[in-house]
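Below, each chain spelled out in residue letters.
Protein chains: 2
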Amino acid sequence: MSLLVVGSVAFDSVETPFGKVEDALGGSATYFSIAASYFTDVQLVAVVGRDFPDKHIRFLKKRKIDISGLQRANGKTFRWKGKYDFDLNQAHTIDTRLNVFASFNPELPETYRNTEYVFLANIDPVLQLQVLRQVKNPKLVACDTMNFWIEKKPRELKETLKYVDILTINEAEARELSKESNLVKAARRIMTFGPEVIIVKRGEYGALMFSDSGIFSAPAYPIESVFDPTGAGDSFAGGFMGHLSRVRGVNDRNIRQAIIFGSVMASFDVEDFSLNRMKRLTAREIEDRFKEFKRLTVFEDL
Amino acid sequence: MSLLVVGSVAFDSVETPFGKVEDALGGSATYFSIAASYFTDVQLVAVVGRDFPDKHIRFLKKRKIDISGLQRANGKTFRWKGKYDFDLNQAHTIDTRLNVFASFNPELPETYRNTEYVFLANIDPVLQLQVLRQVKNPKLVACDTMNFWIEKKPRELKETLKYVDILTINEAEARELSKESNLVKAARRIMTFGPEVIIVKRGEYGALMFSDSGIFSAPAYPIESVFDPTGAGDSFAGGFMGHLSRVRGVNDRNIRQAIIFGSVMASFDVEDFSLNRMKRLTAREIEDRFKEFKRLTVFEDL
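Sequence order for the protein chains is A and B. Just so we're aligned: 136 in my numbering is position 136 of the first sequence, and the numbers increase by one with no gaps anywhere. Just so we're aligned: 206 in my numbering is position 206 of the second sequence, and the numbers increase by one with no gaps anywhere.
Bound conformation, chain A alone (with noise of 0.2 Å):
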């Protein structure tokens, strides 16, 4: 089975309390793609300038993932730069530079158009739509969003909803999106707007799904020492549509193991700045990070 992915892929220079790094790689799409790659084929959509090194092709390319939609502009690669206080739960933007991202148009290579999973990483809804159009039967689309989109273009955004299943979304940014406070009233409002599943992230307190079936909550892991949390949603992503891609039902069941992998991935991901975690990250590993997942939340019936 195989999964499609649009979104950034960008160069990220990141300050926390524990170090930081110069345009490292980074983007939503790259950490998906990498996140996903450990449960399934992936397929890239994503733009980069002339700047972008050899070493990040080859690296994405030892993790099998088809590149063959990362187009290549004239121009810089997107650049992003924020901070983290200790608060590592919100992002601080210092700059954006959207570069060779600003005239981004989504293009499909025909091996893309026939994919069935379809993530439709945070960028423009309009392009987000745009992507969705070009693939020809998708049976499960996923979709994230920030409160940017929402605050800048809410009706496109809802246009771009009517045609996804589920929704990854921040806490704060679900509130915003339904008008509502109270995240279960928020996830019910959201519902009307096309997605049946809603998950709202909520960073080191873990993640809550709401659908039909009920809610489930999922902790975070509890990190000894979280460096870098960039990266930690969309990692979550790559690990959730990764497995549902694998195992191809998408059902209560497979959606809480889903949740339960996107976990492990965003608890891997803030281990290390960027990437690095994840350049030595093993699929043992992930299994037994599944397990402790397992022990840190279960308790027996009555």
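Keep in mind the hints are simulated off the structure, nothing from the lab. Among these hints, one or two may not hold up.
Below, a sample of chain B positions facing chain A; criterion: calculated Cβ distance under 10 Å [to be verified]:
| hint | residue |
| --- | --- |
| 1 | E15 |
| 2 | P17 |
| 3 | K20 |
| 4 | V21 |
| 5 | D23 |
| 6 | I57 |
| 7 | A91 |
| 8 | A218 |
| 9 | L302 |
Footprint (simulated), chain B over chain A, 3 or more residues, beta carbon under 8 Å [said to hold, decoys possible]:
| hint | segment |
| --- | --- |
| 10 | 139-149 |
| 11 | 207-221 |
| 12 | 224-232 |
| 13 | 254-261 |
| 14 | 295-301 |
A quick note: this is a predicted structure, and the numbers were derived from the prediction, not measured. Every residue gets a Cβ at the ideal spot worked out from N, C-alpha and C, and that includes glycine.
Given the structure of chain A, go ahead and fit chain B onto it with the hints provided.
For chain B alone, kept in the frame of chain A given last:
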């Protein structure tokens, strides 16, 4: 089995975005006792003034709480006035009148002194220790505290913690007490002060338990209409200690179940102002919600 609690019995005036109450029954020992009374026999140690009405006494007696340790002093009952905004995790104190609590000198009735399960609710650590010294052979001692004591009486608090097995503490307070921003490190540091088990309360994000057996994460029950979070922490402690006192075995299995029962009691508490929800709560509802916590957290092994 019986369970002793020392703490406050108070009148609370509380305003939330969903309404308000004035001079309603409150206090840490009250919330704790009522919640614990669904699980075990409770012995209450506290002080009230001459203005404390019979109807509240009748309510405590109806829940079969032993109030022979409830002193009645000349003066007025402790009063607290507070406010919650839409962020219901954060109480804003408007006014505190200690009244008879200012000269509280807890004396245990003879019938209390053989009790094996003890909860020291959030009061001056000097008083907590004074109570504990009157218990002949405590088997399990749990304790709560707050930022006020961490800042004003750090030495006394640490002296009390030497004799405490389980500490329940808010997230921010755990960081303040340990001087560690990371929660895993904070818990480990606090363990060196005495307690073998640290339960970090995170409001709507649930609770995290740290012990030598590992970490256990319990969610909060997602509630559509949170009316008043006052007393949630003490209701949690009441369900938690109540269950442990009932099953009489302090091991990892029972502690995990006890945390779920604590979370169940906290979830009911916040559904109405003061102790109003508890007045109509049934044992069957508690059992049903315990099962809902299972459904909320369960996922299949690989």
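The hints, checked one at a time:
1. Here the hint on E15(B) is broken, as its CB sits about 16 Å from the closest CB of chain A, past 10 Å.
2. Hint on P17(B) holds. Least Cβ distance to chain A is approximately 8 Å, under the 10 Å limit.
3. Checking K20(B) against chain A: minimum C-beta separation of about 18 Å lies over 10 Å; hint violated.
4. Taken as an interface hint, V21(B) does not check out: its beta carbon lies about 20 Å from the nearest beta carbon of chain A, beyond 10 Å.
5. The beta carbon of D23(B) is not positioned within 10 Å of any beta carbon in chain A (closest approach about 28 Å), and the interface hint is therefore violated.
6. A least Cβ separation of about 33 Å between I57(B) and chain A goes past the 10 Å threshold, and the interface hint is therefore violated.
7. About 17 Å separates the beta-carbon of A91(B) from the nearest beta-carbon of chain A, more than 10 Å, and the hint is not met.
8. Using the Cβ-Cβ criterion of 10 Å, the hint placing A218(B) at the interface with chain A is satisfied: the shortest such distance is roughly 8 Å.
9. Among the interface hints, the one on L302(B) holds; its C-beta lies about 6 Å from the nearest C-beta in chain A, closer than the 10 Å criterion.
10. Three residues within the 8 Å Cβ limit are the bar, and the segment 139-149 of chain A against chain B gives 0, so the coverage statement is violated.
11. Coverage of the segment 207-221 of chain A by chain B holds in this model, with 7 residues showing a Cβ closer than 8 Å to a Cβ of that chain against a need of three.
12. Given as covered by chain B, the segment 224-232 of chain A passes the check, having 3 residues with a CB less than 8 Å from a CB of that chain where 3 are the minimum.
13. Coverage of the segment 254-261 of chain A by chain B holds in this model, with 4 residues showing a Cβ closer than 8 Å to a Cβ of that chain against a need of three.
14. Here the segment 295-301 of chain A counts 7 residues with a CB under 8 Å from a CB of chain B, which clears the bar of 3, and the coverage holds.
Going through the hint list in order, the structure does not satisfy hints 1, 3, 4, 5, 6, 7 and 10.
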